[in-house]
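One-letter residues, chain by chain:
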Amino acid sequence: MTVPTAPPPAEAPDGGPEKIEGETRIDLYRTMVLARTFEEAMLREYHSDKRPGFDIGKGLVPGEMHLAAGQEPVAAGVCAHLSTGDAVTATHRPHHFAIAHGVDLRKMAAEIFGRETGLGRGRGGHMHLFDPATHFSCSGIIAEGYPPALGQAFAFQRKGTDRIAVAVTGEGAANQGAFHESLNLAALWKLPVVFIVEDNDWGISVPRAESTSVPSNAARAAAYDMPGERIEDNAVEAVYAAAGRAVARARAGDGPSLIEVHTLRLWGHFEGDAQAYRKDLEDVPGRDPIPTYEYTLREAGLLDDAAVQQIRASAAEKVEDAVTFAKESPEPDPAQALRYAFAEPDGGAA
Amino acid sequence: MTVPTAPPPAEAPDGGPEKIEGETRIDLYRTMVLARTFEEAMLREYHSDKRPGFDIGKGLVPGEMHLAAGQEPVAAGVCAHLSTGDAVTATHRPHHFAIAHGVDLRKMAAEIFGRETGLGRGRGGHMHLFDPATHFSCSGIIAEGYPPALGQAFAFQRKGTDRIAVAVTGEGAANQGAFHESLNLAALWKLPVVFIVEDNDWGISVPRAESTSVPSNAARAAAYDMPGERIEDNAVEAVYAAAGRAVARARAGDGPSLIEVHTLRLWGHFEGDAQAYRKDLEDVPGRDPIPTYEYTLREAGLLDDAAVQQIRASAAEKVEDAVTFAKESPEPDPAQALRYAFAEPDGGAA
Amino acid sequence: MTATADTHRLTTAKAMVDGITAEMDRDESVIYLGEDVGAYGGIFGSSTGLLDRFGATRVIDTPISETAFIGLGIGAAVEGMRPIVELMFVDFFGVCMDQIYNHMAKISYESGGNVKVPMVLTTAVGGGYSDGAQHSQCLWGTFAHLPGMKVVAPSNPYDAKGLMASAIRDDGPVVYMFHKGVMGLVWMAKNQRAIDEVPDEPYTVPIGQARVARTGSSVTVVTVSLSVHHALDVAEKLAGDGIDVEVLDLRSLVPLDRAAIVASVRKTGRLVVVDEDYLSYGLSGEVVASVTDVDPSLLRAPVARVAVPDVPIPYAHALEYAVLPRHDRIEAAIRAVAAA
Amino acid sequence: MTATADTHRLTTAKAMVDGITAEMDRDESVIYLGEDVGAYGGIFGSSTGLLDRFGATRVIDTPISETAFIGLGIGAAVEGMRPIVELMFVDFFGVCMDQIYNHMAKISYESGGNVKVPMVLTTAVGGGYSDGAQHSQCLWGTFAHLPGMKVVAPSNPYDAKGLMASAIRDDGPVVYMFHKGVMGLVWMAKNQRAIDEVPDEPYTVPIGQARVARTGSSVTVVTVSLSVHHALDVAEKLAGDGIDVEVLDLRSLVPLDRAAIVASVRKTGRLVVVDEDYLSYGLSGEVVASVTDVDPSLLRAPVARVAVPDVPIPYAHALEYAVLPRHDRIEAAIRAVAAA
Ligand SMILES: Cc1ncc(C[n+]2csc(CCOP(=O)(O)OP(=O)(O)O)c2C)c(N)n1
Ligand SMILES: Cc1ncc(C[n+]2csc(CCOP(=O)(O)OP(=O)(O)O)c2C)c(N)n1
Ligand SMILES: [Mg+2]
Ligand SMILES: [Mg+2]
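Protein chains in written order, with numbering that gives the first Met the number 0: chain A, 0 to 349; chain B, 0 to 349; chain C, 0 to 339; chain D, 0 to 339.
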């Protein structure tokens, strides 16, 4: 990312800088930069070997690729409240949440490169990242990550812990039946779940207004007697504040909440998407939330050039290390293609 | 049904007797009596040849049997606003709506008796009644009658007519994904649909409070920016009034509405259901809506003994005629069991 | 088998519950979830008595939200519980199949074996009592076609209990399909084989091993679930006519005991497949292919497939019995194959 | 075929759209509904250009609510429209199968033929480009197993157009499964057979008739969709080695042209089935059974079934190619069967 030449507007202090520690604010920034750096690396790697003609099945990272640039505030703001004992179920666009939740970058990159060292030994791919260490998972079927999150929350509740589950969808997915069923069941059983809707204005090429009969999914929370909140401005601290309330509520045993964040899809739906349908394209770069937040923190005296450079360099180092690890890792053995369809007695250890 | 010895409370005049013609009120009563008479006949026929040991697969009317006694106010109040050009998609408990909407009693009874003269030539059965003449259908899969109603409404809208579709579910079914998807799509496209939820307190053995996170499904209408109304007292005129508003709105092109009616399941979920789980059983007979309404109309001077006798006799005559027709109709020829799986060039005429 | 101190005469439904009870006793992470599984005890008796014994925290009625509660089972299983989740009728799979086949069944593979989903999905199957096209299907072929889930379908009390124990203890997902007609319900016509002596002690029946329900030499009948009863009835009748029928009860479709199929056909040279699921693209074709994969010349006559002939299950009794694989059709098929 | 005034070189995707366009021109009750079918033109080009030509009242983007909009299609069809409804990937069937198999496919039967559902359900199938376990399946066996819907799967531009016309004109539901790999997309590896001369004029290809894509005498390969391309490639290669392969392109699974299968096997005595769907309980078994139903002795060697071996489709390229029925596996199977 690049810092815009004209200073962008400072982030609205919703959730209140006064309530949030400087270190936390820097952490939020750091998480966003790390997630963005990862996506930029994926963008680079994905396209690097698909030229001149774009062939989706070619290259070291083949297949569909849904990157989350622009949506970092959601993941950073929510996951700042979680430990790796909490669960997160993400979507087809999962990287930012995985990173914010602490999924191992090397294993994640290796999975995206389809390597035996990957989270799923190369079987899953970028839409199917499963990390037992952080209770992270995602699904390529929209809204269908919600129901399993209920079960994780249910198990946590049973065990008498205060661990919670966070379930993520896009605004397009909020019109899928699984959304409704999950909210009702979670509310009914007071499950410790925080439901997140990432409203990036688009479901592939379909604008929100052409998919959703209400301006805010927060309005839908009332249909389940749960608190609902919409964050309008893709501001990480506002997300942080709302998520803090929802997470606290869940941990206290008071049940689920719904948070919709109006965020931004900075790039195409997937790589290769020409976005001809998208009328808002021109002003998109100017809405990038990371420079905006960086500016806010600089103004607050929390960041300076050196700190920013350090954070970026550290992110780049971690990401490049992960990419290198992935590239150097062995490919899965085709002779082993049939393993893992069923649970193996040895615990699945290769 | 029997008139209770102590006069029941008069129906609350919500929707207003002053607004509703005497003839309409008598029609509402007549429809309810006809529907009840039909259900009583089905009850009798269903159990008549399953003794001594109850065997669900035995007898002239085998299989599951879901009767709608107690829920007549919903069907009567809604369908009073419809013509046979309008569509109705009902549930696994469909008879009262079919009757109120004007489905031919003989063909319907014949279908329930599994005869070649039935609506579906005996292929469908009591949960699968399809009547092109009145655009009536139903489904044994809960909530899944909603989506096809959208399509009927869509077609009516396309043709520039003011015809509408009514889609019915139970309160249990309102927690199914199809409910959510249908309401959103109908609201989004302003389809001329009236969504009805029959809240009879139970989804088989599960009380409403154990299935639904909100006290009123009307509250869920807000999640789709559509009007929602809950009728609390199983009163046919209140249903009539609310349905009148919703139907008018749909015909005017202003889009869908949701109406939940707190109604009553007078009998078991299906025949053979011992209802051991049901704590409210004792006061159920006293809540029968038909004697209540009859009392109201008598008080209003619209009904007297003679009129009531005439209405009951007429209903009995029609129902017994239908049952006789069914019993005298030929059974389907087993050699023809494979027909109709695919559209036939001859238009499906036998 | 005669009753001893160590066995009891149980219906298949009771034996199934017995199997669940034993596992719930020994492992408190086992719970039972579904519609009307609590106070009602399961529409087909699959959970009768469990609520009284284990209470509402382990035997749980759900809203009619199959996607949500099956998904909940998956998430709970991922976190180490062993949920048994009931889909009331298999016919309802269409509202929740994504959770079943894209999640429950694939997580193990997609995670390279790093995540396990030790879950049992129980579901009622089958027709024969005029419940119409949306409540009478078997559909095991649909589940068995899709990878990552074991699929069992017991035909009798002994197997119902033992397969249940194996299913619960399995570290991966198992779909447990109980035919209403084998449950021994008081309110449904039943075959004598729906009640039998069952050991009181817990035991397992391994998943993936067929059972020779009757030894014979003339014709092999490969079948599963309720059709095993019909096939045995017919076999007994035909014994008098000198047709010696071997009946193979598959017990599970996944894994499929192909070796047992081939071994029997190697002996008899004649094959009838009886399947209450739809004819095409299902069990009957797979059984045949298990033979032709190895050696088509084992088949000394055309194969007869007695299944539902690719129409929805009709409501009217006479029509329904015309499409179900009942005694008459099975008998005719065996006679034809034996004579060919 | 060479280009004349009356034909144009089209990709399969364009031929499919051509077929839709012709029907939309002649019948205004035909509409196209689905996710990203408007401005985007269909993720796999299935509706490209339709919005410009017919406008947003006939080419309609939907919310991501498959149950609702497929159900909407059903209701509209019941009222006399002829909707074409797209399920973006067949892999998503699990969220909406109830509308498809319990409603769309059964209403005709349940109504005793009194209600018709003239609807086409289009859907993209297939893998080969590392889209993982939830976006790479064929699943035609799943649809073909369930009664009441025709199932077509064109392999080339000519059939794509002609089968589309037949599907739209059919008075019952037709599932039209287009493999991404046959569409001729610029952004995906493609076989030369994905582009061909197609008549400009409307025409129909009858549903239910297989096509002999290559005549041969040594071995019959029965297959469908993209695998037809692979099989023809391999057949050409093997011709040099004296193995004369007959390739049968089924074109539809329902109805299945069993007579064509039997006729070819009668000639060659050797059968290979190539199927990009899962191996078990699917197409390959049904094709085999079509032969053994008639006469198993037609098979002079074990049948080879080249399909996805009952695992989810893996992501990593080498793993995915190991489980897909690609050239190497097809060639090995044909050689083995020819030599047996
Ligand atoms: C059930 C289902 N239907 C359709 C799709 C195809 N699909 C993948 S992503 C997507 C758009 C999702 O939009 P949204 O939920 O807003 O998430 P975003 O992509 O904007 O992050 C669609 C339609 C799918 N994966 N699953
Ligand atoms: C998808 C689906 N799940 C479960 C069932 C089984 N089932 C039939 S009726 C019923 C209860 C429905 O309750 P409600 O919607 O309140 O309607 P009611 O029976 O009270 O009229 C259930 C669970 C079904 N038919 N479809
Ligand atoms: Mg979006
Ligand atoms: Mg109810």
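Worth flagging that the hints you see were computed from the coordinates, not collected in a lab.
No residue lacks a Cβ here, since even glycine has one placed at the ideal position from N, Cα and C.
Worth double-checking, as some hints may not be accurate.
Here are the simulated DSSO-like cross-link-like pairs (lysine-lysine), alpha carbons at most 30 Å apart as the crow flies [what the hints assert, rightly or not]:
| id | chain 1 | residue 1 | chain 2 | residue 2 |
| --- | --- | --- | --- | --- |
| 1 | B | Lys49 | B | Lys278 |
| 2 | D | Lys266 | A | Lys57 |
| 3 | B | Lys57 | C | Lys236 |
| 4 | A | Lys189 | B | Lys326 |
| 5 | A | Lys278 | B | Lys189 |
| 6 | B | Lys18 | B | Lys189 |
| 7 | B | Lys49 | C | Lys266 |
| 8 | C | Lys266 | B | Lys57 |
| 9 | A | Lys18 | A | Lys326 |
| 10 | A | Lys57 | D | Lys236 |
| 11 | D | Lys236 | D | Lys189 |
| 12 | A | Lys189 | A | Lys49 |
| 13 | D | Lys266 | D | Lys236 |
| 14 | A | Lys326 | A | Lys49 |
| 15 | B | Lys326 | C | Lys189 |
| 16 | A | Lys49 | D | Lys266 |
| 17 | A | Lys278 | A | Lys18 |
| 18 | D | Lys189 | A | Lys326 |
| 19 | C | Lys266 | C | Lys236 |
| 20 | B | Lys158 | B | Lys326 |
| 21 | B | Lys326 | B | Lys18 |
| 22 | A | Lys49 | A | Lys317 |
| 23 | A | Lys189 | A | Lys158 |
To give a feel for the contact side, a few chain B residues facing chain C, derived at Cβ under 7 Å [stated by the list, open to error]:
| id | residue |
| --- | --- |
| 24 | Ile19 |
| 25 | Ile25 |
| 26 | Phe53 |
| 27 | Leu301 |
| 28 | Ala305 |
| 29 | Glu330 |
| 30 | Pro344 |
Starting from D:Lys266, check that the Cα of A:Lys57 is at most 30 Å away, please.
violated, 41 Å
Within a Cα-Cα threshold of 30 Å, do B:Lys326 and C:Lys189 meet the stated pairing?
holds, 27 Å
A:Lys278 and B:Lys189: Cα distance at most 30 Å?
Satisfied, since the Cα-Cα distance of roughly 25 Å is no more than 30 Å.
Would the pair D:Lys189 and A:Lys326 pass a check requiring their Cα atoms to be no farther apart than 30 Å?
Answer holds: D:Lys189 to A:Lys326 is near 27 Å, not above 30 Å.
Checking one constraint from the list: CA of A:Lys57 to CA of D:Lys236, max 30 Å. Satisfied?
holds, 25 Å
Is it true that the CA of A:Lys326 sits at most 30 Å from the CA of A:Lys49?
holds, 16 Å
Keeping to a limit of 30 Å between CA atoms, is the pair of A:Lys189 and A:Lys158 held or broken?
holds, 15 Å
Going straight from one Cα to the other, do B:Lys49 and C:Lys266 come out at no more than 30 Å?
violated, 46 Å
Regarding the hint that B:Pro344 lies at the interface with chain C, is the smallest CB-CB distance below 7 Å?
violated, 18 Å
Straight-line Cα separation of A:Lys189 and A:Lys49 no greater than 30 Å?
Between A:Lys189 and A:Lys49 the Cα gap is close to 48 Å, so the pair fails against 30 Å, i.e. violated.
Does D:Lys189 sit within 30 Å of D:Lys236, going by the straight-line distance between their CA atoms?
holds, 18 Å
Tell me if the straight-line CA distance from A:Lys18 to A:Lys326 falls inside 30 Å.
violated, 43 Å
Checked against the numbered hints given earlier, the structure breaks hints 2, 4, 7, 8, 9, 12, 16, 17, 20, 21, 24, 25, 27, 28, 30 and satisfies all the rest.
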